[in-house]
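Here's the letter readout for the chains.
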Amino acid sequence: MPSSSQWCAFHAERHGFARCMSCAKTLCQECATQWDGIWHCAGCLGNRRRATVERSPLFSWLAVLSVSALLLFAGARLMVWTAAAFAGLF
Amino acid sequence: MLDEAAEVVSVTAAPWVGLLIVTTLPYRFLQALFLDQLIEVGEKAPQYGNLLGGTASMIVGALVLAFWGRAIYARACRLAYSRGVAPGRETWRVPATALVSFLLTSSALAIAGYVSLFTCIGAIVAAVFAGLAVGTLELNERVSLIEPFRILVRHARTSTPFALVFVFVCAFFVALVNLAAAFALGVWALGALGGFDAPKWRLLFAPDNRRYLLMLFAGALVAIEPFWIASQVVFVRKVGAQERGDDLRAWFDVLRRAS
Chain X
1 MPSSSQWCAF
11 HAERHGFARC
21 MSCAKTLCQE
31 CATQWDGIWH
41 CAGCLGNRRR
51 ATVERSPLFS
61 WLAVLSVSAL
71 LLFAGARLMV
81 WTAAAFAGLF
Chain C
1001 MLDEAAEVVS
1011 VTAAPWVGLL
1021 IVTTLPYRFL
1031 QALFLDQLIE
1041 VGEKAPQYGN
1051 LLGGTASMIV
1061 GALVLAFWGR
1071 AIYARACRLA
1081 YSRGVAPGRE
1091 TWRVPATALV
1101 SFLLTSSALA
1111 IAGYVSLFTC
1121 IGAIVAAVFA
1131 GLAVGTLELN
1141 ERVSLIEPFR
1151 ILVRHARTST
1161 PFALVFVFVC
1171 AFFVALVNLA
1181 AAFALGVWAL
1191 GALGGFDAPK
1201 WRLLFAPDNR
1211 RYLLMLFAGA
1221 LVAIEPFWIA
1231 SQVVFVRKVG
1241 AQERGDDLRA
1251 WFDVLRRAS
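If you read the sequences in order, they're chains X and C. Residues 1 to 90 (my numbering) make up the first sequence, in order. Residues 1001 to 1259 (my numbering) make up the second sequence, in order.
Worth flagging that the hints you see were computed from the coordinates, not collected in a lab. Just so we're clear, the structure is a prediction, and the values are computed from it rather than from any experiment. We treat Cβ as the ideally placed atom computed from N, Cα and C, and that holds for glycine. Incorrect hints may have been included.
[Claimed, not checked] Per the computed footprint, the stretches of chain X lying under chain C, defined by three or more beta-carbons under 8 Å from a beta-carbon of chain C, are:
no.: 1; stretch: 27-36
no.: 2; stretch: 57-65
no.: 3; stretch: 68-75
[Claimed, not checked] Heads up, incomplete: computed chain C residues facing chain X, CB under 10 Å, no partners named:
no.: 4; residue: Leu-1038
no.: 5; residue: Ala-1056
no.: 6; residue: Thr-1097
no.: 7; residue: Ala-1163
no.: 8; residue: Phe-1166
[Claimed, not checked] One side of the interface only, derived from the structure: several residues of chain C facing chain X at Cβ under 8 Å:
no.: 9; residue: Gly-1053
no.: 10; residue: Ala-1108
no.: 11; residue: Ile-1111
no.: 12; residue: Val-1143
no.: 13; residue: Ser-1144
no.: 14; residue: Gly-1219
no.: 15; residue: Ala-1223
no.: 16; residue: Arg-1237
Starting from the given sequences, assemble the full structure and let the hints guide the process.
In C-alpha cells, the structure reads:
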C-alpha cells in the first residue's frame, strides 16, 4: 500500500507529484508551484513573497517615472545629435 | 543554455512570440526609416533637425511599446522555463515595479548605446546590459533609482552575457542571409504566376536598394529577438538558482528525508 507521503496533503485522492521545500508537504501537480526550480505550496510561496516584498514609497515611483521620461526625451535628442555627428564624419 | 532558450521559444511561440513581434515591428521599422532619412540627407543632416527629430520622437514612442512587449515576453519565458508548459493569461500580469524598473534601465541603456556608438566596445557593453535588463526585470521587487542597476551589475560578473552577444551577432548575420534568400525565393516562385510583375519586384528586392537592405536588417533583428530574450531569461534564472544555493539545498533536504 502506498505510504501517506505519496498522496497530496491537500487532495487525499491525488498522487503526490512534488514536495514543498519549505514545509515538506507532498503536493499534487495542481498544488505544486515551481519558482526558480524549487517546488513550493501556495501557502509557503505566499509567505515567502510577503516576507520579502515591501511596498515602495510614492516618492520612489515618481522619481523613477520622471527620470525615465527625462531619459526617453533626452534619448530622442541624442539620437538626432549622434546621427548628425555620424553624417558629418562620413 | 541556448538549447534551453530555443525550447522556451518553441513553448512560448503562440501567442507570445507573435505579441513580441507585433510590439517590436513599429520600433524596428521606424529605426529603418530614420536611417533612410539620415542617409538621404547625408552631410546636410544638421539642417534637417526637425525632420530627424520628428522621426526620433516617433521612435521613442514605439520604443515604449516595444519595452512593454519585451517585458511580457520575458515573463512568458520565465513561466515557460519554470513550468515546462506554455504559460497562460497570468503572463499579462507583469508586476508594475518590474515594468517601471525595466523602463528606467532600458531608457538609460538606450542613451548609453547612442553615446557609445562612436566606440565598438561601448556598444557591445551597452548591448550586454540591455539584454540583462530584460532578463532581470522580474527580479525588481521594489521601485528604486539605483537597485535595478545593482541587479544588472551583479549578473554581469561572468563572461556568459558577453558570449551571448557574440553568438547573437553571428545569429543576426545568419538571419539576414536567410531573410534575403527567402525574399529571392518568393519572388522567383511568384514569377511563375501569370500577372505577377516579377522584374519590378526583383529590382525592389535587390541589394543595391537601400530601403530593402534596411528592412532586411530590421527583419533580422525581429527574427532573433525572441531567442535573445529567452537566452537572457534562462541565464538569469540559472545564475539565481546557483547563487542562492537553492538547488543544492533542495537536493540535500530530499536526501536527508529519504535517509
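Here is how each hint holds up against the structure:
Evaluation of the coverage hint for the stretch 27-36 of chain X: fulfilled, as 3 residues show C-beta separations to chain C shorter than 8 Å, against a requirement of three. By the rule of at least three residues with a Cβ nearer than 8 Å to a Cβ of chain C, the coverage given for the stretch 57-65 of chain X holds, with 5 such residues. Counting residues of the stretch 68-75 of chain X whose beta carbon lies closer than 8 Å to any beta carbon of chain C gives 6, which meets the minimum of three for the stated coverage. Hint status for C:Leu-1038: holds, given a least beta-carbon distance of 5 Å to chain X, under 10 Å.
Because the closest C-beta pair between C:Ala-1056 and chain X is about 4 Å apart, less than 10 Å, the hint holds. Because the smallest distance between the Cβ of C:Thr-1097 and any Cβ of chain X comes to about 7 Å, under 10 Å, the interface hint for this residue holds. Evaluation of the C:Ala-1163 hint against chain X yields a violated restraint, the C-beta minimum of about 22 Å exceeding 10 Å. With a least beta-carbon distance of about 24 Å to chain X, the hint placing C:Phe-1166 at the interface is violated under the 10 Å criterion.
At about 5 Å, the closest approach between the beta carbon of C:Gly-1053 and any beta carbon in chain X falls short of 8 Å, and the interface hint on this residue holds. Hint status for C:Ala-1108: holds, given a least beta-carbon distance of 6 Å to chain X, under 8 Å. About 5 Å separates the beta-carbon of C:Ile-1111 from the nearest beta-carbon of chain X, less than 8 Å, and the hint is met. Hint on C:Val-1143 holds. Least Cβ distance to chain X is approximately 4 Å, under the 8 Å limit.
For C:Ser-1144, the shortest C-beta to C-beta distance to chain X is roughly 6 Å, which falls under 8 Å, so the interface hint holds. Because the closest C-beta pair between C:Gly-1219 and chain X is about 21 Å apart, greater than 8 Å, the hint is violated. Against a cut-off of 8 Å between C-beta atoms, the interface hint on C:Ala-1223 is violated, since the closest Cβ of chain X lies about 24 Å away. Of the supplied interface hints, the one on C:Arg-1237 holds, with its beta-carbon coming within about 6 Å of a beta-carbon of chain X, less than 8 Å.
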